[in-house]
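Protein chains: 2
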Amino acid sequence: MKLKNDRFLRALNREPVDITPVWMMRQAGRYLPEYRATRKRAGDFMSLCQNPQLACEVTLQPLARYDFDAAILFSDILTIPDAMGQGLYFSEGEGPRFRKTIRSPGDVEALPRLDPERDLSYVMDACSLIRRELGGRVPLIGFSGSPWTLATYMIEGSGSKDFRRAKQFIYDHPEAGHLLLGKLAGAVADYLNAQIRAGAQAVQIFDTWGGILSTPAYLEFSLAYMRRIVAGLIREHEGRPVPCILFTKQGGLWLEQIAATGCQGVGLDWSVDIGQARSRIGGQVALQGNMDPSVLYASPGAIRREVASILAAFGPGPGHVFNLGHGITPQVNPDHVAAFVDAVHEFSASGSKPASSQGGG
Amino acid sequence: MKLKNDRFLRALNREPVDITPVWMMRQAGRYLPEYRATRKRAGDFMSLCQNPQLACEVTLQPLARYDFDAAILFSDILTIPDAMGQGLYFSEGEGPRFRKTIRSPGDVEALPRLDPERDLSYVMDACSLIRRELGGRVPLIGFSGSPWTLATYMIEGSGSKDFRRAKQFIYDHPEAGHLLLGKLAGAVADYLNAQIRAGAQAVQIFDTWGGILSTPAYLEFSLAYMRRIVAGLIREHEGRPVPCILFTKQGGLWLEQIAATGCQGVGLDWSVDIGQARSRIGGQVALQGNMDPSVLYASPGAIRREVASILAAFGPGPGHVFNLGHGITPQVNPDHVAAFVDAVHEFSASGSKPASSQGGG
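From first to last, the protein sequence lines are chains A and B.
The first sequence lines up with residues 10 to 370 when you count with this note's numbering.
The second sequence lines up with residues 10 to 370 when you count with this note's numbering.
The hints are simulated quantities; they were obtained by calculation from the structure and are not laboratory data.
Treat the hints with caution; some may be incorrect.
A pair counts as met if it fits within one copy or between any two copies, since identical chains are not told apart.
Said to hold, decoys possible - Straight-line distance between alpha carbons at most 20 Å, and here's what the computed SDA-like set of lysine to any residue pairs gives:
no. : residue 1 : residue 2
1   : Lys170    : Asn342
2   : Lys109    : Ser167
3   : Lys109    : Ala321
4   : Lys170    : Gly38
5   : Lys170    : Pro105
6   : Lys13     : Leu72
7   : Lys170    : Arg39
8   : Lys109    : Asp85
9   : Lys13     : Val26
10  : Lys170    : Gly102
11  : Lys49     : Arg35
12  : Lys11     : Leu69
13  : Lys170    : Arg106
14  : Lys11     : Glu247
15  : Lys170    : Glu101
16  : Lys170    : Ser100
17  : Lys49     : Ser100
18  : Lys13     : Gly144
19  : Lys170    : Phe99
20  : Lys170    : Thr338
21  : Lys11     : Ser167
Please construct the entire structure, taking both the sequences and the accompanying hints into account.
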């Protein structure tokens, strides 16, 4: 089936587009009442992830409301450790938790090798179904957590304020840390390739917690393993290149090193000025981002001003996928999302430099 | 009284020192059993802050155990909004909270103007007493929270995961936001000058939450007000320059702009490579930092390796005050702090480049 809207893929290839493509991290999520209804039907969060029909349903929900230029598989960043037997679950109002944790080098050695097509078949089934249901409307993005991000949750057993157990592990047991990250990198590469074969037309690696590390620790324990994954990914599928986006939250200091991994796109959180990011790495990769998700709590007028300001900071020319700098939060008013998406398309269509008056209102 | 150990002040002036000076943010704190004992006698945290004798006692406690090269006033970053009538309190196991919050432009207009010498006399009494008790052993550092950091707590009423109320306030009411930050900047400058007159020999501004902002918002709502404070500080007292250190957590992207405020020292969190920071701004300012506080959970051997690696990254020559990249956390083993302090002095005394073998063990 021919892709009707390929702006997102073209922008990642740094080819010209008519208007700047836009999607939102966590666009299928709790801010949407229809998502909350489906989630309720599914029972808990993992049951929703593991049911391809329902995962497909929530993936498509935001596209029915907004003119997003891409769909992203509804799933969780932590499916791999769950399939390795760590027992992922979500308790109401808290983040992810694992029943088993990694506390010693022996725990790392005991981790099984995954076959994602067999052990995470529900994800591949969801990818195939979503592709079929999309009918070529927009491309489908697959994803995984980064090895370091998976490792932090596996060691801590949950999210953490300071991730001290995870850090203590790599400082006190660097070899076991590398063994763990190597196992995870292999699993993530296999998993993303399986998603691509099942229909994902681009993939994103979420390095949610790379930014909590020192520069040398980030390069050694997070980026090195994302580089290994990028090198192992299928480059082309169905006659098209399959771009890969790396997103390290709070990774603004390391953009040059991230761009040098061979990825096609770099996700930016909102702390970075996207114009400065472009002058640093825009010759090598496309940029994705980077509005502060908290701006969606402000008035539609303030949202429009901020969109205009980010488009102006990026400047004219190709290579920009508009997004938030992190996932949308549950309390956002869905009408504000419409203001956001429409502003991206409106201001980017009107020429390379949105006038500041367009940002008002 | 003559200062017996002026390494810290000399390093901030980028003058040569025999060994690299070291202190720790939150060095008088809960990781010390003697601190917990005094805190228990005082009752709650604010009663400890407001009792000059007890504040002096806990300020001096870490100096009795470790060879720190500076003392820092025991107080809280949020004393100013408390003195403005916002009602600061601490509930057990949680962060700071305010009884009153800023929710509208009218709330900003109603904030009173402070006279720190009158309204925060307990802080000045503590400064004078600590100076007397120190007897010239090491210099005393005074401090305050930055205007933006004070504003986030005043608007949210507490700490926050995403500070969405504070951000919504500045996006929806930028003029009232600037009025609030201007009032706070005036109060912080007056407050730090009062601390200097009462005995503080250097001051630090803690911009704990500047790093949650986008680049343009940081420059407009946080850094501009710290620049205003720096411009209003007493430059010399008791015949010595009084250096000012600006510390924006997660401010690594903005080091050039921070250094251009006219401050003498820039505090670095652990995400920045201190060698790269030095090549960016080391010609203008001294650098303070930057070991990840979580390294203190690792073994003494790992702590020593990390200290050696940071000293090597900074390289030879003056202008480095060793510190953590953020405050020490309560669960750290006090023996590990000794390993940290001793490693800084030992490795920096042995020449400009600690051999990697010195870092082992």
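Hints and how they fare:
no., hint, in the structure
1, Lys170 with Asn342, "between (28 Å within a copy, 19 Å between copies)"
2, Lys109 with Ser167, "within (10 Å within a copy, 33 Å between copies)"
3, Lys109 with Ala321, "neither (48 Å within a copy, 39 Å between copies)"
4, Lys170 with Gly38, "between (24 Å within a copy, 18 Å between copies)"
5, Lys170 with Pro105, "both (14 Å within a copy, 16 Å between copies)"
6, Lys13 with Leu72, "within (14 Å within a copy, 69 Å between copies)"
7, Lys170 with Arg39, "between (23 Å within a copy, 17 Å between copies)"
8, Lys109 with Asp85, "within (18 Å within a copy, 39 Å between copies)"
9, Lys13 with Val26, "within (13 Å within a copy, 67 Å between copies)"
10, Lys170 with Gly102, "both (16 Å within a copy, 13 Å between copies)"
11, Lys49 with Arg35, "within (18 Å within a copy, 45 Å between copies)"
12, Lys11 with Leu69, "within (18 Å within a copy, 73 Å between copies)"
13, Lys170 with Arg106, "both (14 Å within a copy, 18 Å between copies)"
14, Lys11 with Glu247, "within (11 Å within a copy, 78 Å between copies)"
15, Lys170 with Glu101, "both (18 Å within a copy, 17 Å between copies)"
16, Lys170 with Ser100, "both (17 Å within a copy, 18 Å between copies)"
17, Lys49 with Ser100, "within (14 Å within a copy, 35 Å between copies)"
18, Lys13 with Gly144, "within (9 Å within a copy, 77 Å between copies)"
19, Lys170 with Phe99, "both (18 Å within a copy, 19 Å between copies)"
20, Lys170 with Thr338, "both (19 Å within a copy, 11 Å between copies)"
21, Lys11 with Ser167, "neither (42 Å within a copy, 52 Å between copies)"
Hints 3 and 21 from the list above are not met by this structure, while the remaining hints are.
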